[in-house]
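The chain contents come next:
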Amino acid sequence: ETGVTQSPTHLIKTRGQQVTLRCSSQSGHNTVSWYQQALGQGPQFIFQYYREEENGRGNFPPRFSGLQFPNYSSELNVNALELDDSALYLCASKRDRGQNEQFFGPGTRLTVL
Amino acid sequence: AQSVTQPDIHITVSEGASLELRCNYSYGATPYLFWYVQSPGQGLQLLLKYFSGDTLVQGIKGFEAEFKRSQSSFNLRKPSVHWSDAAEYFCAVFAGSARQLTFGSGTQLTVLP
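The listed protein sequences derive, respectively, from chains A and B. So for the first sequence, the numbering used here puts the first residue at 27; every next one is plus one. So for the second sequence, the numbering used here puts the first residue at 604; every next one is plus one.
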């Protein structure tokens, strides 16, 4: 069984640019969530996708957007990057949208200069 | 709104000593609680979870946690710490309309030889 994978591993961007992060969910999982983990803090929920539709969102501005594809992989897009967007972005997948265990990927480290 | 508090930012123990990491939660309904571990530059690995039933739950790597509703706590314990346990530990609760995880700010564990 293949676990959750994310790409790229590291990314450096400048302020104002746009970035796309990618996530492949674990086999059999149809729900993907994205989290932002700033240095020294716990992960914070960005949003969740279930069967290609967003079904929950945390306290993040609209310039954070996402997609889920028919194979349940997902993208996180961030427009107009700010310095504070520098963080580890974690993707997690689970079986269905209920209160099931989430499995996390290794994350993408984004640095905004 | 739900929240998780981990009062200890950093704990140092000697190898072979016992360990207890504290976690307090605030949530209006029956909580689903988790402990995750994160090694440097890595994603999150689930140590154990509490959904219902026995309030003492066993996890991987010799960890256990006890759910105490009266104290709104879910403390993590290990009787004898190994050097490989050095990492950051996060307590989390399932909450919100999307059943997303709300994390505490984490406890950094250092193990002395």
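Hints may contain errors.
Said to hold, decoys possible - Chain B regions said to be covered by chain A (calculated; three or more residues, Cβ under 8 angstroms):
| # | region |
| --- | --- |
| 1 | 641-647 |
| 2 | 704-716 |
Said to hold, decoys possible - Derived DEER-like restraints, expressed as beta-carbon distance ranges:
| # | chain 1 | residue 1 | chain 2 | residue 2 | range |
| --- | --- | --- | --- | --- | --- |
| 3 | B | Gln648 | A | Ser53 | 16 to 24 angstroms |
| 4 | A | Gln44 | B | Ser673 | 31 to 39 angstroms |
| 5 | A | Ala64 | B | Lys671 | 29 to 37 angstroms |
| 6 | A | Leu139 | B | Arg680 | 27 to 35 angstroms |
| 7 | B | Ile614 | A | Arg48 | 30 to 38 angstroms |
These are calculated hints, taken from the structure and not from any lab test. Quick reminder that beta carbons are idealized off the backbone N, C-alpha and C, glycines included.
We went through each hint and held it up to the structure:
{"no.": "1", "hint": "641-647", "result": "holds (count 4)"}
{"no.": "2", "hint": "704-716", "result": "holds (count 6)"}
{"no.": "3", "hint": "B:Gln648 <-> A:Ser53: 16 to 24 angstroms", "result": "18 angstroms, holds"}
{"no.": "4", "hint": "A:Gln44 <-> B:Ser673: 31 to 39 angstroms", "result": "49 angstroms, violated"}
{"no.": "5", "hint": "A:Ala64 <-> B:Lys671: 29 to 37 angstroms", "result": "30 angstroms, holds"}
{"no.": "6", "hint": "A:Leu139 <-> B:Arg680: 27 to 35 angstroms", "result": "42 angstroms, violated"}
{"no.": "7", "hint": "B:Ile614 <-> A:Arg48: 30 to 38 angstroms", "result": "36 angstroms, holds"}
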